[in-house]
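Protein chains in written order, with my numbering: chain A, 3 to 327; chain B, 80 to 428.
If you're looking for bench data, these hints aren't it; they were derived computationally from the structure. It is possible that some hints are incorrect.
[Claimed, not checked] Pairs of lysine-lysine residues, derived as DSSO-like cross-links and limited to a Cα-Cα distance of at most 30 Å, are as follows:
{"no.": "1", "chain 1": "A", "residue 1": "Lys272", "chain 2": "B", "residue 2": "Lys225"}
{"no.": "2", "chain 1": "B", "residue 1": "Lys199", "chain 2": "A", "residue 2": "Lys21"}
{"no.": "3", "chain 1": "B", "residue 1": "Lys198", "chain 2": "B", "residue 2": "Lys177"}
{"no.": "4", "chain 1": "A", "residue 1": "Lys175", "chain 2": "A", "residue 2": "Lys14"}
{"no.": "5", "chain 1": "B", "residue 1": "Lys198", "chain 2": "A", "residue 2": "Lys21"}
{"no.": "6", "chain 1": "A", "residue 1": "Lys66", "chain 2": "A", "residue 2": "Lys14"}
{"no.": "7", "chain 1": "B", "residue 1": "Lys177", "chain 2": "B", "residue 2": "Lys97"}
{"no.": "8", "chain 1": "A", "residue 1": "Lys286", "chain 2": "A", "residue 2": "Lys14"}
{"no.": "9", "chain 1": "A", "residue 1": "Lys175", "chain 2": "B", "residue 2": "Lys86"}
{"no.": "10", "chain 1": "A", "residue 1": "Lys202", "chain 2": "B", "residue 2": "Lys361"}
{"no.": "11", "chain 1": "B", "residue 1": "Lys198", "chain 2": "A", "residue 2": "Lys272"}
{"no.": "12", "chain 1": "B", "residue 1": "Lys177", "chain 2": "A", "residue 2": "Lys272"}
{"no.": "13", "chain 1": "B", "residue 1": "Lys177", "chain 2": "B", "residue 2": "Lys86"}
{"no.": "14", "chain 1": "B", "residue 1": "Lys225", "chain 2": "B", "residue 2": "Lys198"}
[Unchecked claim] Quick list of simulated restraints, FRET-style, between CB atoms:
{"no.": "15", "chain 1": "B", "residue 1": "Asn238", "chain 2": "A", "residue 2": "Arg86", "range": "46 to 56 Å"}
{"no.": "16", "chain 1": "B", "residue 1": "Met153", "chain 2": "A", "residue 2": "Val109", "range": "54 to 64 Å"}
{"no.": "17", "chain 1": "B", "residue 1": "Glu122", "chain 2": "A", "residue 2": "Gly295", "range": "50 to 60 Å"}
{"no.": "18", "chain 1": "A", "residue 1": "Gly276", "chain 2": "B", "residue 2": "Glu122", "range": "22 to 32 Å"}
{"no.": "19", "chain 1": "B", "residue 1": "Arg239", "chain 2": "A", "residue 2": "Pro145", "range": "27 to 37 Å"}
{"no.": "20", "chain 1": "B", "residue 1": "Asp263", "chain 2": "A", "residue 2": "Asn35", "range": "42 to 52 Å"}
{"no.": "21", "chain 1": "A", "residue 1": "Arg313", "chain 2": "B", "residue 2": "Pro370", "range": "48 to 58 Å"}
{"no.": "22", "chain 1": "A", "residue 1": "Met104", "chain 2": "B", "residue 2": "Asn238", "range": "36 to 46 Å"}
Even glycine gets a Cβ: it sits at the ideal position worked out from N, Cα and C.
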Amino acid sequence: MSETLLEVRNLKTWFETPKGTVKAVDGVDLTLNRGEILGLVGESGSGKSITGFSLLGLVDPPGKVVEGSILFKGEDLRAASVRRLQALRGDRIAMIFQDPMMTLNPVLRIGTQMIETVRAHAKVSKDEARAMARDALGMVGIPRPEERIDAYPHEFSGGMRQRVAIAIALLHKPDLIIADEPTTALDVTIQSQILSEVQKLTREMGMGLIWISHDLGVVAELAQNVAVMYAGRIVERGTVDQVLDTPMHPYTRGLIDSLPMENDRGQPLKQIPGNAPPPLGRPKGCPFRPRCGFATDACLSEPSETGDLSRGWRCFHPLAQEVSA
Amino acid sequence: MNQPLIKVDTVTKHFVRKTDVAERIAIRAGLAEEPKIVHALDEVSLEIAKGEVVGLVGESGCGKSTLGRVVAGMLPVTAGSVARDGQDIATLKGRAAKDNRLATQIIFQDPMSSLNPRKKVGEIIGEAPRLHGIVPRGEVPALVEKLMGQVGLDPAMVNRYPHQFSGGQRQRIGIARALAVNPDFLVCDESIAALDVSIQAQVINLLVQLKQDLGLTLLFISHDLSVVRYISDRVVIMYLGRVVESAPTHQIFDRPRHPYTQALLEEIPRIDRRGHRFNTVKGEIPSPVNPPKGCHFHPRCPFAMDICRQERPPLVTAETGHTVACHLNGGAGHLPATTQQQTQQGVSS
Numbered sequence: 003m004s005e006t007l008l009e010v011r012n013l014k015t016w017f018e019t020p021k022g023t024v025k026a027v028d029g030v031d032l033t034l035n036r037g038e039i040l041g042l043v044g045e046s047g048s049g050k051s052i053t054g055f056s057l058l059g060l061v062d063p064p065g066k067v068v069e070g071s072i073l074f075k076g077e078d079l080r081a082a083s084v085r086r087l088q089a090l091r092g093d094r095i096a097m098i099f100q101d102p103m104m105t106l107n108p109v110l111r112i113g114t115q116m117i118e119t120v121r122a123h124a125k126v127s128k129d130e131a132r133a134m135a136r137d138a139l140g141m142v143g144i145p146r147p148e149e150r151i152d153a154y155p156h157e158f159s160g161g162m163r164q165r166v167a168i169a170i171a172l173l174h175k176p177d178l179i180i181a182d183e184p185t186t187a188l189d190v191t192i193q194s195q196i197l198s199e200v201q202k203l204t205r206e207m208g209m210g211l212i213w214i215s216h217d218l219g220v221v222a223e224l225a226q227n228v229a230v231m232y233a234g235r236i237v238e239r240g241t242v243d244q245v246l247d248t249p250m251h252p253y254t255r256g257l258i259d260s261l262p263m264e265n266d267r268g269q270p271l272k273q274i275p276g277n278a279p280p281p282l283g284r285p286k287g288c289p290f291r292p293r294c295g296f297a298t299d300a301c302l303s304e305p306s307e308t309g310d311l312s313r314g315w316r317c318f319h320p321l322a323q324e325v326s327a
Numbered sequence: 080m081n082q083p084l085i086k087v088d089t090v091t092k093h094f095v096r097k098t099d100v101a102e103r104i105a106i107r108a109g110l111a112e113e114p115k116i117v118h119a120l121d122e123v124s125l126e127i128a129k130g131e132v133v134g135l136v137g138e139s140g141c142g143k144s145t146l147g148r149v150v151a152g153m154l155p156v157t158a159g160s161v162a163r164d165g166q167d168i169a170t171l172k173g174r175a176a177k178d179n180r181l182a183t184q185i186i187f188q189d190p191m192s193s194l195n196p197r198k199k200v201g202e203i204i205g206e207a208p209r210l211h212g213i214v215p216r217g218e219v220p221a222l223v224e225k226l227m228g229q230v231g232l233d234p235a236m237v238n239r240y241p242h243q244f245s246g247g248q249r250q251r252i253g254i255a256r257a258l259a260v261n262p263d264f265l266v267c268d269e270s271i272a273a274l275d276v277s278i279q280a281q282v283i284n285l286l287v288q289l290k291q292d293l294g295l296t297l298l299f300i301s302h303d304l305s306v307v308r309y310i311s312d313r314v315v316i317m318y319l320g321r322v323v324e325s326a327p328t329h330q331i332f333d334r335p336r337h338p339y340t341q342a343l344l345e346e347i348p349r350i351d352r353r354g355h356r357f358n359t360v361k362g363e364i365p366s367p368v369n370p371p372k373g374c375h376f377h378p379r380c381p382f383a384m385d386i387c388r389q390e391r392p393p394l395v396t397a398e399t400g401h402t403v404a405c406h407l408n409g410g411a412g413h414l415p416a417t418t419q420q421q422t423q424q425g426v427s428s
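Isolated chain B, as found in the complex (with noise of 0.2 Å):
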């Protein structure tokens, strides 16, 4: 295989609250608790090849904005690195470091917070090819017409500000913003799920058509299951800052290994499915701050062994290109066959 565009190997990330001279001394003389971690990412391993979608899906909590923004270098990491294409970004220095920033851009949820109020949007699109030298200066009016064509947004609209605009048209100037750059890889970070459902798919399709005429490159994070199904070539599965699922995506939709990846999509809500009794999995996500022991799943797991709660399951391949973080079956996750068998075990005990 070819070396991979993104490579993030065994990446760990802690956030702790800053202390100051004074909290430092009382924790010196044991007045005061040390700064509770929030462990964000714990030892995440992904690929990303150069011209593939990778859908990451996970609810609140489980890190996937954070690995976004490791993966585009806007966080450090506490251990581990991200490497793109074979050479480790935080080991860049200068021009390299300033290119591969350009190189990798990030699209945010919610355009209104991620765009300046008080800029126009000629401005806004204009501003990084401007100060970078992307093309010279007295190019840039031309170059900002035609980011503006390339999104669907009217170029006779360059003077306007962004609360002249729609969320869906925002969302575009986001785009435009990425894209003004001439980045290779996006990464999209619920991107569209602040937007009604008639203007998701306006923004879906146009993504889908710039990766396709731009070769480009996405990380496509979401909690947005039939979203990403559709977008991605590949589907990785986050659940408390580790990966516990990474397959192929009809793979990952027809075969689901992981009980966490299985409750997920019998858990979306679907309009072919009428007078759903809802069965759940039961329990709320951990809180980050002190993860539980073993597999982080293993208190809502309805198969959780003596082992899951002992040990970290590790992330073996299963079979080609899927590969899960499960005790169940000797590391093979849980299959549909025993999940009959394992459901009539729980009726009848």
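Chain A with its partners taken away, still in its complex shape (with noise of 0.2 Å):
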């Protein structure tokens, strides 16, 4: 049986602004084990970004998790002290973002920066330390290490700089990584190279990996459990093959349907009318309402999650099994 690494239970993460209150992750429940990679989709202000934030207690004011609960290996991070959260991150947790230039320091090479971390959370030399870093680096497949530690981000190309990113989330081979977007700015073959390190260090290292992501191509390719967030709850979670073969939500189904197939060709694409609706006007009832073409009065009230942890969703109207064949 698989150790449960995350456990995180009605999480709410509300910004207070002058408009009123915007729910960005409304009640979000989610189970990771080790060695797993789920993955995390949804569009832009799905809350999806916010939810990994939250996890890693980055939320700035405005914004502050109200309610939920995290536990990592059992530790409540909520009630963790910000010295503790501090230890823990970096080192347990880590965080690889959408744009690497987040996580690194333009201005002092990245040798530099690695050492700096590795010494934050581990009481060794400066040797040691770096050469810790360069076999991170040789690691993630950045060629000649040993040359390239002295050198500045800027030297680096777009994927180099995520691997080295990478690189800085695995120097204490942390037990949770958070990747948001990570390959999203670059190339396809650059992403399958980025995408091919990853999954080997998670099977190889036993790391959990919740992948934050807009594209279901990658998700399915890449992972094993997928969660569907829309207007800050998670509406469908599953295994990659339930999901994305028997989706039960209509917005789960629009959205791979709205994808271009290979034999779609002449006809117009299935297209999920409307926007996502806005943080601040959000529909009463289910927020997919006035886009889905299943709703009636039912989905005035708001759906709660039918089935559990490993396989559920929020509809009144889910779609038959048969919609798979």
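Build the complex: two chains, separate frames, hints provided.
Put into structure tokens, the structure is as follows:
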């Protein structure tokens, strides 16, 4: 039986603004085991990135985690002190951002930054720290790490910078990595290289990985489990096969259908009508209701989650199983 | 075959940083280096037939956006020529030059940076037809209303500003503005890349609809192969300033011949492939400042031979409508039958 790494229950992260409360994350439950890759999928504004930030205690005012629990290896991170969080971040839990320059300081050699990270969490000499940094760079496929460790971030290409950011995340062999759209800005062949490294590393090191992305294709190929977010909630979850082959939520179905496939030529793409609701003007009840072809009066009240944390959905009119055929 | 609408003939485009007087003196005296030349386009040839949708695919730095701008007449060429209806657009003067510019319009990736935030939507869409006298001044509001309807925007929103619209709606504004001067040729430069998946489908459907209704010709620049496959009649693949392969859409997806095209197709993430073991093209995209000798792809190509390191492979016709620039198999490119052979060799050696 695999070990549970992370348990998130009823997480709510709200932003108090002069115009009202933005419920960016509004009741999210997540479970992640060691060695598992979970794809957290959603469109802009769905709350997927804020979910990631909340787990690390990185939400800045006016945002605040107002409710819920985040259990990491049994420890409640919401109750943890600032010092305790600092000790965990970069050591047991690491984050990779879409833009590696958010991680890297442009005026310091990457070696300097990596040695700093190593020594923040481990009592080792500078030379040992440098050796660890060099090994991490080698691990993510940076050629000639011995030389490149003395380069500045601007001397690397975008893909190489992202590798450096991943190497920094891996320095202390964390138990959990949260990756927020780390390959979105990269070219296809470079994305593929990074995905290959990430896949290998999670397999070898038994880390848990939350891969936040809007790209269903990447998640399908990389992850075992997937959670689909819409308007601050997880609307569907399950294994990649379950969710992508037999989606139960009309939004998931709509997302899949709107991707152009091989046989779609010559006919209009199936599109989801309308736009995602603005964070301050979410409709009452099911937030997907105004864009949903199945909506009825029942949808004016909020659907609760059907199923459990391994396979579930929030919908009054789940799609029938035969949709998969 | 009829005359193509657009004919790009061995176009080369270099970008050089401008030097000031002091720097030029320093260079003359040998105290400073000549500014580096970016080889954005290296003898690119391309034809686009009337009514055709050509997908232009490549990774960053391959020159696809530069080519789009050159074709639209926004950038002068360093060498070579771009002809429209058989006439070199660089030689056009006065009225003819203006008409040519209007007939080709471009739709950009980021609608927010290509729409003036201080202008109302009605002004943005109506400005060009008013200035160019496309319709009498008094009829501009009616034209704007018609265009907004055509791209699926509520004409009642004519007095709003760009920031009051969502990303998908802004892209519709960009499309309406392009259509306002009655173009017959649109260059779409990553026009849907910044949109959410569910909104992408809406905009793609709109473009296809408009193309049919108005008989447009499209150059669709994108890095997203699944979208390109959906929308294009023909696909052109670029790598580091050169066209490496061009073929009808089904042919390039069924029988790609260039090892780079094959790698691209293999590595596009797909939702029907699970737990994929990524098997990747090694190495990085070289810099267009200092492209490798011979075939630009040779440092990353698993099949590179000696000749690939020395000589540029010419773009030759491998079968009807299918051109490829690769030395393998006497210029026919890398064929699937040899794929297996080669990989087996690779494994055993």
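Met153 of chain B and Val109 of chain A, beta-carbon distance inside 54 to 64 Å? With a Cβ separation near 36 Å, Met153 of chain B and Val109 of chain A fall outside 54 to 64 Å, so the hint is violated.
Is 22 to 32 Å respected by the C-beta to C-beta distance linking Gly276 of chain A and Glu122 of chain B? violated (47 Å)
Verify the proposed pairing of Lys272 of chain A with Lys225 of chain B, using a straight-line Cα cut of 30 Å. holds (25 Å)
Agreement of Lys175 of chain A and Lys86 of chain B with the hint, judged by alpha carbon distance not exceeding 30 Å: At roughly 55 Å apart (the allowed maximum being 30 Å), Lys86 of chain B and Lys175 of chain A break the hint.
Does the Cβ-Cβ separation between Met104 of chain A and Asn238 of chain B fall within 36 to 46 Å? holds (38 Å)
Pairwise beta carbon distance, Arg239 of chain B to Pro145 of chain A, judged against the given window 27 to 37 Å: violated (52 Å)
In this structure, is the beta-carbon distance linking Arg313 of chain A and Pro370 of chain B contained in 48 to 58 Å? holds (51 Å)
Quickly compare the C-alpha distance for Lys198 of chain B and Lys21 of chain A to 30 Å and report which way the hint goes. holds (25 Å)
For a C-alpha distance cap of 30 Å, please report whether Lys198 of chain B and Lys177 of chain B respect it. holds (24 Å)
Starting from the hint 46 to 56 Å, judge whether the C-beta atoms of Asn238 of chain B and Arg86 of chain A obey it. With Cβ atoms ~54 Å apart, the hint holds.
Taking 30 Å as the top limit, are the C-alpha atoms of Lys66 of chain A and Lys14 of chain A close enough? Since the Cα atoms of Lys66 of chain A and Lys14 of chain A sit roughly 8 Å apart, the hinted pair holds (cutoff 30 Å).
When you check the alpha-carbon spacing of Lys177 of chain B and Lys97 of chain B, does it fall within 30 Å? holds (28 Å)
In terms of the numbered hints stated before, the structure departs from hints 9, 11, 12, 16, 18, 19, 20, listed from lowest to highest.
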